[in-house]
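Note that this note's numbering has the sequence shown beginning at 1, numbered continuously upward.
Think of the hints as simulated: they come from the structure by calculation, not from any bench. A couple of the hints might just be wrong.
Below, a list of computed lysine to aspartate or glutamate pairs in the EDC-like style, where the Cα atoms sit at most 16 Å apart [unchecked claim]:
#1 Lys392 - Glu374
#2 Lys392 - Asp421
#3 Lys418 - Asp393
#4 Lys392 - Glu424
#5 Lys392 - Asp363
#6 Lys418 - Asp372
#7 Lys392 - Asp372
#8 Lys418 - Glu400
#9 Lys418 - Glu202
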Amino acid sequence: MSARVALSPVLVLLSGCHPPAAEPTDTGSPAPEAQQWWQFGHDEILDSVILHYLGQAWSQSSDVAEVLETAGRVEDPTTWTAEWVRSAERIADDARESEAGGHLRSAAQSWLRVATYYRAALHRHYDPSSTEVVDLAQLEVEAFARYLDLSGSPCIDVAIPYEDTTLPAYFCRAAVEGPAPVVLFHEGKDGWAEDGKFVADEANARGWHALLFDGPGMGKTLRLQGLPFRPDWEEVVTPVLDWLVEQDGVDASRLALYGVSFGGYFAPEAATVEHRLAALVANPGLVDVSAIYEGYIDAIDPGLLALLDQDEAAFDQAIEQVMDASEVLRWGLADSMWHFGADSPADLMREVQRYDFTGREGDVTTPTLVVDAEAEAWGQSARLYDALRCEKDTVLFTAEEAAQFHVQTGATAIHVQKVFDWLEGLL
């Protein structure tokens with residue numbers, strides 16, 4: 001087995017993205033495998049990320065040709081950030097020109113895509129500690145703010161009190177009279193609150209408000225405030241709900257929390273303690289993050305976990321040797337350590353052991369939708385669904401629907417249809 005194939009599951013885990021798997025082939029045939037519709041000629045992770053940004057076109061946050069043209073200029077992962085910055089800067093010039101000419105709708109549309117392409121530039125940045133990360137994150141914030149100002153968007157930028165600081169969020173009001181339900185949305189490891197624009201659009205169109213927020217370890221909160229993940233997510237959701245129920249026009253009896261990607265751990269974990277929610281969506285469901293990390297480490301070498309318990313320094317050295325075989329793994333491990341606030345591979349493994357609410361699944365009392373997908377790489381949806389004792393439902397996205405990948409990458413339309421149909425049945 002080649003090093004690329006052997007390391008592939010680990011790259012999936014550390015990247016937080018699902019690299020679409022190839023269809024099975026006849027191992028007796030020497031013919032090369034045909035390129036699949038989701039493959040763009042880069043490494044597995046970048047192909048998945050490209051599909052993600054193509055999917056943003058559904059909410060007008062990207063344009064198909066711009067994404068493909070930019071991706072086509074990427075020669076290797078080291079040029080990823082520069083090419084996306086180049087596209088963002090070009091479209092920003094267009095936005096300024098339209099704005100100067102009084103074409104505010106055109107300018108707003110351009111600024112929305114600029115924000116997306118700055119997020120894309122940061123999706124595979126080689127060095128989380130670089131000052132460029134902060135600079136590009138600030139440019140993303142400014143571009144999205146211009147979009148909000150010029151578009152007449154119902155979303156406003158808000159700061160939610162959290163411990164001794166605040167969490168950045170967007171509160172998007174529906175044009176309705178009287179109290180209305182609210183969909184609270186957060187991403188996971190790689191997404192930002194702005195990536196949830198499609199959720200806000202759909203919620204508002206249905207007469208619901210939406211609150212998109214970055215928790216610790218996500219989007220702006222990590223890059224501009226330096227806050228990593230925390231396992232006790234109720235300590236995040238509770239102050240968010242405290243703020244939300246004080247807002248005019250909010251029906252506090254109809255609040256839904258929707259977490260995607262690693263948010264599929266955070267949202268149900270918070271719901272084991274926070275019982276003010278009327279609906280919960282986990283996409284995919286997660287219960288024990290450490291089991292996934294340990295499973296992939298074990299797939300590299302069955303002796304590594306024993307080494308971790310015996311000698312953490314030796315474990316770090318062994319992992320560093322494995323990292324030398326793959327640029328993707330080197331980047332992915334550094335990125336994962338950054339999100340979790342870990343200082344070494346061993347520290348990362350110890351940290352993820354805290355992300356486990358096994359035995360507390362029965363404490364979730366909120367009606368819950370657990371989302372699964374045929375090619376899901378690292379979810380535990382069946383495990384979560386089986387352990388829940390509340391009112392529950394599940395949906396499986398399939399290859400036939402072109403929605404088989406992690407968080408339905410590139411398949412926003414059917415994703416929205418099924419999730420919001422379920423939410424409408426409750427709210």
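Subject >> 16 Å Cα cutoff - pair Lys418, Asp393 >> reply: holds, 12 Å
**OP:** Decide if the proposed pair is consistent with the structure: Lys392 and Glu424, CA atoms, cutoff 16 Å inclusive.
**Re:** holds, 15 Å
**OP:** Could you grab the alpha-carbon distance between Lys392 and Asp372 and see if it respects the 16 Å cut-off?
**Re:** holds, 13 Å
Subject >> Restraint status (C-alpha distance of Lys418 to Glu202 at most 16 Å) >> reply: Judged against 16 Å, a Cα distance of about 12 Å means the pair holds.
Original post:
Between Lys418 and Asp372, does the CA-CA distance stay at or below 16 Å?
Top reply: With Cα atoms ~12 Å apart, Lys418 and Asp372 stay inside 16 Å; holds.
Subject >> Pairwise hint evaluation, Asp421 against Lys392, where the allowed Cα distance is 16 Å at most >> reply: This hinted pair holds, its Cα atoms lying about 14 Å apart.
Original post:
Given the hinted pair Lys392 and Asp363, is their alpha-carbon gap at most 16 Å?
Top reply: Holds: Lys392 and Asp363 sit about 13 Å apart, inside 16 Å.
Original post:
Would the pair Lys392 and Glu374 pass a check requiring their Cα atoms to be no farther apart than 16 Å?
Top reply: Violated. Lys392 to Glu374 sits at ~20 Å, over the 16 Å cutoff.
Subject >> Proposed proximity, Glu400 with Lys418 (alpha carbon, max 16 Å) >> reply: holds, 15 Å
Of the numbered hints listed earlier, the single one contradicted by the structure is hint 1.
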